[in-house]
Amino acid sequence: MNKLALIIKREYLAKVRNKSFVIMTILSPILIVGMVVLIAYLTKVNDSDKRIITVLNESAFFQDDFLTNSQTAYIEFKSLDLAAAKDSTLNLGYYGLLHIPAGTDLQSVAEKAYFYTKDAPNSLVLEQLESVFSERIRAKRLKDLGVSNREFKEIGSGFDLHTATFEGEENLKGINEIKALIGGGFGYLIMMFIVIYGGFVMRSVIEEKTSRIIEIIISAVKPFHLMLGKIIGTSLAGVTQFAIWIISASALMLVVLVVFGIDLSALEASSQLGPGLPVTQNVSPTAETLQTYASELYKIPWAVLVVSFIVYFILGYLIYSSIYAAIGAAVDNETDTQQFILPIIMPLVLAIYIGFFSVFNNPNGPIAVGFSLFPLTSPIVMLMRLPAGIGEGGVPIWELVTSIVLLVVTFIGIVWLAAKIYRVGILMYGKKPTYKELFKWLRY
Amino acid sequence: MFLGLFRIVVKTRSRGDINPYFLFLFNWLSLALMSNEKTILVADRVTKSFGTHTALKGVSLNIPENSIYGVLGPNGAGKTTFLRIVNQITYPDSGSVFFNGEPLKPEHVALIGYLPEERGLYKSMKVGEQVLYLAQLRGLQKQEAKKRLKYWFERLEIGDWWNRKIQELSKGMAQKIQFIVTVLHQPKLLIFDEPFSGFDPINANIIKDEILHLKETGASIIFSTHRMESVEELCEYIALLHEGEVILDGKLFDIKRQYKRNLYSVQLETGKGLKMLSGLEEHFKISDPSFDEVTEQLEFSVKLPKGSVSDFLGRISSEAAITGFVETIPSANEIFIQTVQQKMGNE
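Protein sequence lines correspond, in order, to chains A and B. The first sequence begins at 1 in the numbering used here and counts up one residue at a time. The second sequence begins at 1001 in the numbering used here and counts up one residue at a time.
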């Protein structure tokens, strides 16, 4: 036990003192915050770049419809012919020319209108112009039908179907997605941790092999203790790094926000204006709905979620990092690891995709259930399902228990196999092993 | 004990050309002598296979306390596998190993020092930290390890290396550190696998002297190598391993005595040249003659049965000046080759 502590300490210190590790730890939060600042800055720059559109209106319609806003400015041409208007728009370097021909019928005028630009026009600009036309046409049709604008607005109010469980509990739209996203965040964290620090474990084993110190060490301690110490030491270093990242990134973010005065909500608002989003969705949700969402999020079994996260994190990480350790032991250098790494990355990636495609649609569907029981994907998939709660309406208790039991059994099995490969592999030099050979080692 | 006796008798029988009764007596005597000596390590019919390949086929060895024991044999004979079993890195499929009279157990690693053939150190770790870490893994307390390290660093004149990293040191320097790591916890049994491979002559001599010094202070030492000539002069006992079997073991002196063939190498200064031999050849079996006309040195080998040495010397001393006369003792290498050939011939 004492020796295990020694190994953990050495592995931890070796990792933490490593120059590239220190640089990564310091640099990453700066990079992340820098990216956010850059994006915010670029969005601002983009916003301030006003487009100027000239309008040649020969008709009697659309007199005051094109209003200059923060992104687009309209300049009206008077008594010019189309060719001259095109020329001057181009020469002045303006974005485009909207030509509305003369006519008495709104419908035909609208159909003959053209928007001239140097290159294909921006879809947002086009949408803006189109909405002006459609608004006008709709208003005219309504007038023809004898419906007032106020009456129309009353008709046109949207409709949301209320949903509830059989027990009468009101459901909220999109709440499943939000919950799965929260669980997905945890799952993603596990995957990132496995890929980054599993790789560290592997490289550390390879380093011991190539520096030929391995036999000196395992003549003093059991190979299994060395492997375990390495995995624990490296993951502690990983946890340290993650903690530093989270703390320093948030601190830095705060500083940046205060110093540069960047308004994050502005960022969010502009990002919501993606193409394809109907303008009507800009209506902000009422305080009441917000509160229901908040209370729904509050209902997420956070305690269960956090405890499960820790359980799945530890077991999942140990399983994968012991496989990484076995791979490191089997090969002589990092280039030989490729063929072995792909099969262990696959279940992780699969889990993420299954999670985002299947659990979002149906958290209790057969695919979601199956992969949340399968031990190599369960740490990620189950965590995506868990925010829906356990027991009634959420993940049945038996599924959670079975999933964890399966994970523990797999954990024991995999660590046992990995330790066997590790024990034989660390003493093998100059060979590029095949899967067949690894299988043989299990019986040594 | 009885089994061991039986084994030796069976083994010696196969040698054929030597009187079996004499051998029986000789072996019994040496065994009786051995039983008076304490053994540090006993291997009893140790077997180990890897898949279909059998690395050790029932290896039995007695390694006396405070001796230097050479485990010799070509590459692939099973030496390293045997040493790994002694170090509890791998475990035998059958058979057992006793250390100091007890079956081998994990606590024994604190009493054994092992310098493997594939050896190295953490490249980016500081020398002092590294040695302390390895010493603690062997069960040494940190303060005690520091004290002893100071002694060794002074003794090998490397005191200022404490804060340097291994990658900044030369190969010879790293070898000194590895040696210190092996001996720092004052093990009762020291095991060196291919001890001098990669050493320059100066370092090899320093380490050799240190090993001999450790032996004087009570340690038992096992050398394992395929370069038999490199440790022959140091070993009191040897075991020859071939394809996973011990084909010969015992006191090196006794083994050599058994294998000598009454062959003497003679060097004379004479103006007569090779003609001088014609008279001798009637009485003695002479081989490999050569004559250097510049120095007038005549060299040849002669087989002299027991009791004929003085006769021979008397004959030649009257005719030429004897500048060299020495009995040809077979080297471990020659003994090994001879034994393997005999074994193959018997099979």
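One or more of the hints may lead you astray.
Unchecked claim - Taking lysine-lysine and the DSSO-like style, the derived pairs with C-alpha atoms no more than 30 angstroms apart in a straight line are:
1) A:K222 x B:K1275
2) B:K1146 x B:K1208
3) A:K3 x B:K1188
4) A:K9 x B:K1165
5) B:K1123 x A:K3
6) A:K3 x B:K1142
7) A:K19 x B:K1208
8) B:K1126 x A:K3
9) B:K1105 x A:K19
10) B:K1272 x A:K3
11) B:K1306 x A:K222
12) A:K9 x B:K1126
13) A:K9 x B:K1146
14) A:K431 x B:K1165
15) A:K50 x A:K9
16) A:K431 x B:K1251
17) B:K1272 x A:K222
As the list claims (entries may be wrong) - Among chain B residues calculated to face chain A with C-beta under 8 angstroms, some are:
18) G1051
19) H1053
20) K1105
21) V1109
22) L1134
23) L1137
24) Y1259
FYI, nobody ran anything at the bench for these hints, they're computed from the structure. Cβ atoms here follow ideal geometry from the backbone N, Cα and C, with glycine treated the same way.
Hint check:
1. A threshold of 30 angstroms between alpha carbons decides the hint, and for K222 of chain A with K1275 of chain B the separation of about 70 angstroms lies outside it, so the pair is violated.
2. Simply put, K1146 of chain B and K1208 of chain B have alpha-carbon atoms about 24 angstroms apart, close enough for the 30 angstroms limit, and the pair holds.
3. Taking the CA atoms of K3 of chain A and K1188 of chain B, the gap is about 21 angstroms. The hint holds against a cut of 30 angstroms.
4. Straight-line distance between C-alpha atoms of K9 of chain A and K1165 of chain B comes to about 19 angstroms, which keeps the hinted pair within the 30 angstroms bound.
5. Between K1123 of chain B and K3 of chain A, the direct Cα distance comes to roughly 21 angstroms. Compliance with the 30 angstroms bound is thereby established for this hinted pair.
6. For the hint linking K3 of chain A to K1142 of chain B, the alpha-carbon distance of about 13 angstroms falls within 30 angstroms, and the restraint holds.
7. Proposed proximity of K19 of chain A and K1208 of chain B is contradicted: the alpha carbons are some 39 angstroms apart, above 30 angstroms.
8. Annotation: proposed proximity of K1126 of chain B to K3 of chain A holds, straight-line Cα distance about 20 angstroms (limit 30 angstroms).
9. Distance restraint check for K1105 of chain B and K19 of chain A: the Cα-Cα separation of roughly 40 angstroms exceeds the 30 angstroms cut-off, and the hinted pair is therefore not satisfied.
10. A hinted pair counts as satisfied when its Cα atoms are at most 30 angstroms apart, and K1272 of chain B with K3 of chain A does not qualify at roughly 75 angstroms.
11. In summary, the hint linking K1306 of chain B to K222 of chain A is not supported, as the alpha carbons are separated by about 57 angstroms, beyond the 30 angstroms threshold.
12. A distance of roughly 15 angstroms separates the Cα atoms of K9 of chain A and K1126 of chain B; the hinted pair therefore holds under the 30 angstroms criterion.
13. As the CA atoms of K9 of chain A and K1146 of chain B are separated by approximately 18 angstroms, the hinted pair is consistent with the 30 angstroms bound.
14. For the given pair, K431 of chain A sits about 29 angstroms from K1165 of chain B by alpha-carbon distance, which is consistent with the 30 angstroms threshold.
15. Proximity of K50 of chain A to K9 of chain A is assessed by CA-CA distance (about 59 angstroms); at most 30 angstroms being required, the pair is judged violated.
16. The hinted pair formed by K431 of chain A and K1251 of chain B fails the criterion: a straight-line CA distance of about 39 angstroms is larger than 30 angstroms.
17. Annotation: proposed proximity of K1272 of chain B to K222 of chain A is violated, straight-line Cα distance about 71 angstroms (limit 30 angstroms).
18. Given hint, G1051 of chain B at the interface with chain A, holds; its Cβ is 5 angstroms from that chain's nearest Cβ, closer than 8 angstroms.
19. Taking 8 angstroms as the C-beta contact cut-off toward chain A, the hint placing H1053 of chain B at the interface is violated, the least distance being around 10 angstroms.
20. With its C-beta approaching chain A no nearer than about 12 angstroms, K1105 of chain B sits outside the 8 angstroms limit, and its interface hint is violated.
21. Among the interface hints, the one on V1109 of chain B holds; its C-beta lies about 5 angstroms from the nearest C-beta in chain A, closer than the 8 angstroms criterion.
22. At about 7 angstroms, the closest approach between the beta carbon of L1134 of chain B and any beta carbon in chain A falls short of 8 angstroms, and the interface hint on this residue holds.
23. Hint status for L1137 of chain B: holds, given a least beta-carbon distance of 4 angstroms to chain A, under 8 angstroms.
24. Using the Cβ-Cβ criterion of 8 angstroms, the hint placing Y1259 of chain B at the interface with chain A is not satisfied: the shortest such distance is roughly 34 angstroms.
Consistency with the previously given hints fails for numbers 1, 7, 9, 10, 11, 15, 16, 17, 19, 20, 24, ordered from lowest to highest.
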